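**Q** Sequence:
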Amino acid sequence: MAIKNAPKVPAFSSTNDVKATLQYLKTIDNSKILALEVLWTPQDENDPLSEQEFLTNYPCLRGIKKMKETLPQNLLKEKLPRFLQKCTQTFESDRRYRNDLRYLRVWLQLMDYVDEPRALLRTMEMNAIGSKRSLFYQAYALYYEKMKKFEEAEKMYHLGVQK
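Numbering (the numbering used here), first residue to last: 461 to 623.
Be aware that one or more of the hints could be misleading.
Unchecked claim - Each computed BS3-like pair below joins lysine-lysine, with the alpha-carbon atoms no more than 27 Å apart: (1) Lys623 - Lys608; (2) Lys525 - Lys608; (3) Lys592 - Lys623; (4) Lys539 - Lys525; (5) Lys606 - Lys537; (6) Lys592 - Lys608; (7) Lys537 - Lys526.
As the list claims (entries may be wrong) - Listed next, with one range per pair, are the computed distances between beta-carbon atoms: (8) His618 - Ala588: 17 to 23 Å; (9) Lys608 - Thr530: 14 to 20 Å; (10) Lys546 - Ser591: 37 to 43 Å.
These are calculated hints, taken from the structure and not from any lab test. Being a predicted model, the structure only gives us computed values, none of them experimental. Just so you know, even glycine gets a beta-carbon here, dropped at the ideal spot from N, CA and C.
Can you build the whole structure from these sequences, using the hints too?
**A** Laid out in structure tokens, this is it:
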């Protein structure tokens with residue numbers, strides 16, 4: 461779930477944009493770095509899923525953002541989990557989206573609402589969703605830490621660094 465007043469990172473159109481954003485990020489308190497909303501940022505210049513194409517083919521992102529901005533907290537907790545589940549299932553078998561950071565973040569948001577996050581992580585793992593992203597392994601490691609399985613968590617952190 462997004463944190464109120466979190467700094468927003470713009471989409472990059474040049475290396476100068478990246479440099480300026482990095483300078484800006486250096487000024488942000490480390491505790492707020494985790495709250496950065498990069499959901500809309502294309503992966504890189506060769507991103508096969510441009511933002512417009514992604515929103516056209518995957519309008520769930522627009523819906524998630526709108527729900528978070530407009531629904532009261534109690535209604536959001538009721539409606540968002542089902543919507544996230546629908547979003548993840550819609551493109552679960554589409555290989556183009558598997559390692560897209562925006563799609564991965566939708567899956568990870570869903571983890572906050574499921575009874576057994578391990579089952580969701582296994583589904584992601586079996587379908588190679590996020591398997592080339594360190595964020596996937598970080599989420600897996602955090603799950604293991606929560607379960608007090610520190611050796612498994614450390615293995616996941618190492619896998620994430622390798623990716």
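**Q** All hints, please: hold or fail.
**A** Each hint tested on the structure:
no.: 1; hint: Lys623 - Lys608; in the structure: 24 Å, holds
no.: 2; hint: Lys525 - Lys608; in the structure: 33 Å, violated
no.: 3; hint: Lys592 - Lys623; in the structure: 6 Å, holds
no.: 4; hint: Lys539 - Lys525; in the structure: 13 Å, holds
no.: 5; hint: Lys606 - Lys537; in the structure: 22 Å, holds
no.: 6; hint: Lys592 - Lys608; in the structure: 25 Å, holds
no.: 7; hint: Lys537 - Lys526; in the structure: 14 Å, holds
no.: 8; hint: His618 - Ala588: 17 to 23 Å; in the structure: 19 Å, holds
no.: 9; hint: Lys608 - Thr530: 14 to 20 Å; in the structure: 38 Å, violated
no.: 10; hint: Lys546 - Ser591: 37 to 43 Å; in the structure: 22 Å, violated
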